[in-house]
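K.L.:
In our numbering, the protein residues as written are 3 to 163.
Derived SDA-like pairs: lysine to any residue, alpha-carbon spacing no greater than 25 Å straight-line:
| hint | residue 1 | residue 2 |
| --- | --- | --- |
| 1 | 95 | 36 |
| 2 | 135 | 30 |
| 3 | 95 | 80 |
| 4 | 95 | 121 |
| 5 | 135 | 117 |
| 6 | 95 | 57 |
| 7 | 95 | 119 |
| 8 | 135 | 113 |
| 9 | 95 | 116 |
Calculated directly from the structure, the hints in this document are not laboratory data.
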Amino acid sequence: MGTRLERSNGLIGDRIAFAWQDRGTESEQLRVTISQGTTASNMAMLSIWMVMWLCLEAAVLYFWLQGSSEGNAAVGYAIYSAFWAFFAFRIGKVWLWRLRGSEVIVIDRRGISVAMVFGQRGLPDFFAHGAYKGLSRVEENPAQILRTFEQAFWSMGGETL
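With the sequences and hints as input, model every part of the structure.
P.N.:
So, in structure tokens, the structure goes:
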């Protein structure tokens, strides 16, 4: 009956780990780490997509640099390459996020800190206790296509606490 069942660290499912530090002191804190890994098949699809995207741009650059284009083809290649670079950056960031990213939530006596961490680097957002008000559940609406798209494994962000 007097046994404490609280653990100092552990796992919740496959992706969530928690650890208490300095328990029972003024500097006590709970650290929750949520890994962003995904299934091997999803990661393989993301990697193949990235390689194919790079190959597509290599082909476009090859034809662009041939110099035999007429009219405003160079402008068209430049506009296409700008859009290509935007999506290459975005999917590259997601690929790295799935490979090395994690969300770190630290709760201590001062407040709550939430950080999106790549490897060991990330800037936390800090919320002092009492500064957050009006917390409520976010109702999901499957009819909102953009919201559904943002929750896919190939997208970074869009999640809610």
